[in-house]
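For the protein sequence lines, the chains are A and B, in the order given.
Offset between the first sequence (1-based) and the working numbering: plus 1.
Offset between the second sequence (1-based) and the working numbering: plus 756.
Please note that the accuracy of each hint is not assured.
[To be verified] Computed list of lysine-lysine pairs in BS3-like fashion (alpha-carbon distance at most 27 Å, straight line):
1. LYS349(A) x LYS267(A)
2. LYS270(A) x LYS319(A)
3. LYS919(B) x LYS419(A)
4. LYS77(A) x LYS176(A)
5. LYS297(A) x LYS946(B)
6. LYS402(A) x LYS946(B)
7. LYS419(A) x LYS319(A)
8. LYS410(A) x LYS919(B)
Since the hints were derived computationally from the structure, they do not count as laboratory data.
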Amino acid sequence: MQHGLIATTALVTGLLVAAPASAADLKIGLAAEPSALDPHYHNLIPNNSMFTHLFDSLVEQDANQHLIPGLASSWKAIDPLTWEFKLRKDAAFHDGTPFTAKDAVFSLCRVPKVPNSPSAFTIYMKAVAAVETPDDHTLILKTATPYPMLPTDMSTLGILPAKSGKVAGPIVFKKTGCEGIEAYPSTEDINAGKVPGTGPFVFKEFVKGDRIVFTRNPNFWGAKSAWDTVTFKPIPADGPRVAALLAGDVDFIENPPSQDLPKLRKDAKLRVVDGLSNRTIYVALDSADAPTPGIKLPKNPLHDARVRKALSLAIDRKAIRAKIMGGQSEPAGQIISTGLYGYNPALKPDSFDPKGAKKLLAEAGYPNGFEIVLGSPNDRYMNDEKIAQAIAQYWTRAGVKTRVDATTKSVFFSRRGKREFSAYLAGWGAGTGEASSPLKSLVACRKPEIGYGTTNYTNYCNPKLDATLTEALATIDDKKREGLLQQALAEAQSDTGIVPIHYEKTPWAMKKSLTYTPRVDQYTVAMEVKPAK
Amino acid sequence: MSATASPSPVAVETPLHRLARKFAANRVALGGLIVFAAIALVAIAAPLAAPQNPYDLASLDIMDGSLEPGTPNADGRPYLLGTDEQGRDMLSAILYGLRISIGVGVGSTVLALSIGLAMGLFAAYSGGWRDTLVMRLVDLQLGFPPILIALILLAILGRGVDKVIIALVAVQWAYYARTVRGSALVERRKEYIEAARCLALPYTRIVFGHLMPNCLPPLIVVATMQVAHAIALEATLSFLGVGVPVTEPSLGMLIANGFDFMMSGKYWVSFFPGITLLVTVVSINLVGDHLRDILNPRLQK
C-alpha cells in the first residue's frame, strides 16, 4: 500500500516534470521589448508584432505584406467612397463571446481615445468619415475622398471586444467621438490580460523587463499554432542574445548581429533564416537654396542636383553589403524594397563610379570638394554607424571631406527634427508594405497638415512628384495606382532627392529543429515559427 | 687645519635627487616608468611610426576590412595587428588612439590640477565662509559618481576631444582641491608662513611662493593616479558612445568597436587596444603607487 502510494506519487511527479518537456513550448529571445500589449497604444514594430498574437485585425498582412482576410472574410469598394467588409461568423473572443460588427465599431472608436499614446494609430482612422453596420456581420466604412489605402489601414488596427468597455445602448460612430460608449478599457487592463482578443494565442503573463507568456487558443478560427506555450524574453544586448541561443536558454532569437552570422550559419545545431525587409536605409541631403548647418560655405552645394548625384555615385553599395552588412542587405536604387507594391523595376541602384562623381562635382563648381558632416544614429538600424563611416570614407575619397556625427537614436532624432544635419543616414520601414508610405513621408514636399513630408527634413520639394503621388492616393484601381507610384519613385530619383543605400535583410536564428517564414515587416511572430520537417 | 684644507667628500643631495634615488631603488616602479615613457614616446611619434593615418578617411579602404593579424595589404606589407571593419590598420589606430587617450588624460589632469590647486589654496588660506563654500561644493561634487557627472556633461556638450577634457576636468578638480586644502591647512600654521606674514609679504607671494611648494608632494601622488584614472574614464565614456568622434577613435572607442565582434571570433579588433589600455594604466599606477610610498613619511622605515 505504502509502496503503491509512493510509486503512484513518483509516477505522477514524473509525469508532471516530464510534461513541459514533451509539450510544445517555444522560447523566443527578443531584441526589443514591446512597451505594451495594447494594440492601439504605440505604433512600433515590437508592439505591433506582439499584439497580433492576441488580437486580430479586420484585414491581415501575410509574410510579404499582401493583404489577406482577417476578421473580415472579404472586402470591396462598392463605390469610390464606400467600402464593404464582410465579417467572419466563426470567430470568437478568448472568453467565448462571438465576434460581431459591434466589436469592430467599438475598436475603431477606441483608436483615437488612448490616453498618453506615444505614437497613436489615429492616422489609420483619418480617412474614415462614417461607419455603418447593416447587420451583425457587415461593416460599411465611408470616406470623404476616394481612398484606396483603407483596407491597408484597417490591417493595422487590432479588434477588442465591446464587452471590455462600458457600452450604454447602440454605438453611433462620430468622427469627433462615438456615442453610446461610456468607458474604454485602459492600456493597463490590456497589459494585465483583462481584455480577451480573437487571436491564435491567449494571454498568460506579462512581466515587464522579464517575460511575456502566451498559451495556444484552441478555438482559433484560423490555422492553429504548433505551440502550447510561447515565452518571449527581451534580451536587448546582441551578444547575450546570441549567447542565450547558443546555451539553449531560448530556442529562437530575432536580429542576431550581422557580424555573428557566419559563425551561426556554420553551427550544425542552428539554423539562420533571412529575408528582405521593407526597410530602406537612405542618406538624406539638405537641398535648400540657403546655407546649411553641416557645410561651412555661403552657398549650399547640395542644392545642385549634380552634387547630390555625385555623392550617390561615390558610394560603393556592393562593398558595404559585403564588408559591413555581411551580405544582410540588397543595394537600393529607390526607396521601396524589391517586389513590394509600387516597386519600379526600371530604377537600378547607382553603381560605384568615383570618376563620374568627381566629374559631376567639378561640373557643379566643386573640383576640390567641400567639407560636410554626416549625421547618423548608432543604435537604431543594423550597423548604422558603421555604414555612415563607410560612406564617409567614400565621400572623402571623392573629395568631399566627411565627418561622421553618430549619436544614440533619441539624440539623433531630436537633432534631426531641429534640422541640425545637412546630410544624415536613416531608415524607413514601409509599414503599409507599399510605396506610398516612403514617398509620402520622405520625399513629398513638407506639408504636415495633409501628412506629406512628415519625415522630410531636407527641404526637398518636387511638385511633379507630389502631383503624381496625390493622384495615386486617389486612384482606387490597383493596376493604375501601381503605375503612378512607380512614376513618383522615378521622379524622386530623377534629381536625386534622396540617396537610397540598401534594403535591410532581416535575419532570425533558431535551433535546427525549427523553421521561420521571414517577414518583410521584420515582425517576429510565434505563428510563423514551425517545427522543421 | 687639515679639515679646512680638504673639503668633505659628502655630496649635497637635493630633494629631487633623493626622490630619484629612492624611486630607482624599486625595480617594479622603475619598470613601470620605463614602460610608460616608451608608450608615451610611440604615442607622440605616432604620425612617424604608424604605417597609416587612421583619421584620414581617404587612406582607409573598407575592402581591407576585418583582416586577420598578419594579412598583407595591397603593397604587400602585413597588417601586423589586423584591421577593423572599416579597414583601419589596428596598429596605427592603437598608436593614434594612445595619443588621444594620453593627451586627454594628461591634459585634463594638468587643467584639473591647476584649478583644484588654486581652489584648495584659496579655501585653506582664506578660511571662514569662503573655505566652507568651496569645500561644500567639493563635497557635493564628490557625492556623485564621476562617470555620472561626465555622462551628463557630455550628453549636454556633445562629442569631441575638447568636450571630453572639459568633462574630465569637471569631474577631477575636486579631488585636488580637497587634497591641497588638507596639507595647506597644516602648512599655514607653521612658523615660516607666520614669518612671511610678519614681513608683510603680499598675499599672492605667500600663497604661491611659500605655501604652494610645500603642499605639492601629496598632490604629485594624486595627480599620477588621476592620469591613469582619467585615461580609464575617457575609455569608458568612449566605450559608452559619448566620448570622442567615431572617425577619430581613442582606445576606449576601439575597444567598443571591437566588442561587437567578440562573439564572431574577430578577437583582434578589441583585444589589442584592450591590452594597450591595460598596460598603460597599470604602468602609470605602478609609478604612482611607489611615489606615494616615497612621499609618505609614515611609510618610511
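Evaluation of the provided hints:
no.	hint	result
1	LYS349(A) x LYS267(A)	violated, 33 Å
2	LYS270(A) x LYS319(A)	violated, 31 Å
3	LYS919(B) x LYS419(A)	holds, 22 Å
4	LYS77(A) x LYS176(A)	holds, 22 Å
5	LYS297(A) x LYS946(B)	violated, 59 Å
6	LYS402(A) x LYS946(B)	violated, 61 Å
7	LYS419(A) x LYS319(A)	violated, 33 Å
8	LYS410(A) x LYS919(B)	holds, 20 Å
The structure fails hints 1, 2, 5, 6 and 7 (numbered hints given earlier, in ascending order).
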